[in-house]
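Asks: Sequence:
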Amino acid sequence: MKNIKIILLALLTLTLVNCAPSAKQMKEAIEKDPSIVFVAIEKDPVKFMEVVQKAAQGAQERAQQDQQSKEVAKRDAEFQNPLKPEIDETRVIFGNKNAPVTVVEFSDFECPFCKRGYNTTKQVLATYGDKVRVIFKHLPLPMHDMAVPAAKYFEAIARQGHEKAEKFHDKVFENQKDLAESGEEFLKKVAKELGANMTTLAKDLKDASLMDRINKDKAEAEKFEISGTPGFIINGVSLRGAYPFEDFKQIIDRHLGTTK
301 MKNIKIILLA LLTLTLVNCA PSAKQMKEAI EKDPSIVFVA IEKDPVKFME
351 VVQKAAQGAQ ERAQQDQQSK EVAKRDAEFQ NPLKPEIDET RVIFGNKNAP
401 VTVVEFSDFE CPFCKRGYNT TKQVLATYGD KVRVIFKHLP LPMHDMAVPA
451 AKYFEAIARQ GHEKAEKFHD KVFENQKDLA ESGEEFLKKV AKELGANMTT
501 LAKDLKDASL MDRINKDKAE AEKFEISGTP GFIINGVSLR GAYPFEDFKQ
551 IIDRHLGTTK
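Letter by letter, the sequence shown follows residues 301 to 560 in the working numbering.
Derived from the structure by calculation, the hints contain no laboratory data. Only a predicted model underlies this, so the values are computations on that prediction, with no experimental measurement involved. Where a beta carbon is used, it is the ideal one built from N, C-alpha and C, also for glycine. Hints may contain errors.
The list that follows gives simulated cross-link-like pairs (lysine-lysine, DSS-like), each with its CA atoms no further than 27 Å apart [as the list claims (entries may be wrong)]:
| id | residue 1 | residue 2 |
| --- | --- | --- |
| 1 | K518 | K506 |
| 2 | K467 | K422 |
| 3 | K489 | K471 |
| 4 | K549 | K374 |
| 5 | K489 | K506 |
| 6 | K518 | K422 |
| 7 | K518 | K415 |
| 8 | K415 | K374 |
Across the chosen pairs, the derived CB separations fall in these ranges [as the list claims (entries may be wrong)]:
| id | residue 1 | residue 2 | range |
| --- | --- | --- | --- |
| 9 | D430 | K477 | 29 to 35 Å |
| 10 | E386 | T499 | 30 to 36 Å |
| 11 | K384 | K489 | 36 to 42 Å |
| 12 | E331 | R554 | 48 to 54 Å |
| 13 | E328 | F545 | 47 to 53 Å |
| 14 | P442 | P334 | 42 to 48 Å |
| 15 | E389 | E474 | 25 to 31 Å |
| 16 | A329 | P442 | 44 to 50 Å |
| 17 | E386 | N419 | 21 to 27 Å |
| 18 | P412 | K347 | 37 to 43 Å |
| 19 | M443 | A329 | 42 to 48 Å |
| 20 | D470 | P400 | 20 to 26 Å |
| 21 | F545 | V346 | 37 to 43 Å |
Please model the complete structure; the sequences and the hints are all you need to start from.
Replies: Written out as structure tokens, the structure is:
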């Protein structure tokens, strides 16, 4: 059935570039006599598939262009009416605490796309220095068993020092495979290496307020229609997905008034 739809698409596309029956007439003709399609294939199968592939590629390109146009329009609207995530200055903040641009990140320690996001935010901080800060929030996805435990470890370790939590964050993303393979043993190992007090950590991990924070982050992400990871809100302007550095740069430069 899928192949027939593609074939129909190709035939209908031909009506747009050649003197031919209308799309409606073509559809009616094929419905009355489906053998028309197979005759066309048998006559020149290679050429027919070239037309099909070209039509499919064109449809995909148009869909991408439409999506990009929608994204640009959405960003423009958010520059005028910024989203307003909660900014809690007591949370772990990467970069200059008083930076003019705040990137709120919703992430999942086990998500491979979030590792891309991790690499990109590293590049952002390295490029912009004191002009940008990143506030890390949690959006653990149901299919990642270790996402919630890792988030709890991050928040529990932060009680022993934000610097430790930042190093924990980096270690987990840089060794994401170990998290998937070794689970909590890996988390404990990283905590020990960072010099965390393991007795205090074990006690804090049982504190229900950690899960309350994670659930609050999840609810906030849902409020801003961020359902997948990673998601970012840059001074009120959203990026949903593991976008490359250039997309961050466009938004940040515009906020800083340095767009050329």
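Asks: Honestly, do A329 and P442 meet the 44 to 50 Å range at C-beta?
Replies: Since A329 and P442 have Cβ atoms about 49 Å apart, the given range 44 to 50 Å holds.
Asks: Measuring from beta carbon to beta carbon, are E389 and E474 in 25 to 31 Å?
Replies: For E474 against E389, whose Cβ atoms are near 27 Å apart, the range 25 to 31 Å holds.
Asks: Could you check the hint for me, namely that E328 and F545 are 47 to 53 Å apart, CB to CB?
Replies: 52 Å, holds
Asks: Would you mind confirming whether the straight-line C-alpha gap from K518 to K506 stays at or under 27 Å?
Replies: With Cα atoms ~20 Å apart, K518 and K506 stay inside 27 Å; holds.
Asks: For the pair F545 and V346, does the Cβ-Cβ distance stay inside 37 to 43 Å?
Replies: 42 Å, holds
Asks: Is 37 to 43 Å a correct range for the gap between the Cβ atoms of P412 and K347?
Replies: Between P412 and K347, where Cβ atoms are some 41 Å apart, the hint holds.
Asks: Can you tell me whether the CB distance of K384 to K489 sits inside 36 to 42 Å?
Replies: 39 Å, holds
Asks: K489 and K471 were given as a pair; does the straight-line alpha-carbon distance stay at or below 27 Å?
Replies: 11 Å, holds
Asks: Between the alpha carbons of K549 and K374, is the straight-line distance 27 Å or under?
Replies: Holds. K549 to K374 sits at ~17 Å (cutoff 27 Å).
Asks: Given the hint that K467 pairs with K422, test it: the Cα-Cα distance must not exceed 27 Å.
Replies: 13 Å, holds
Asks: Given the hint of 30 to 36 Å, is the C-beta distance from E386 to T499 inside that range or not?
Replies: 32 Å, holds
Asks: Do the Cβ positions of P442 and P334 conform to the proposed distance bound of 42 to 48 Å?
Replies: Given about 44 Å between the Cβ atoms, the range holds.
Checked against the numbered hints above, the structure violates none of them.
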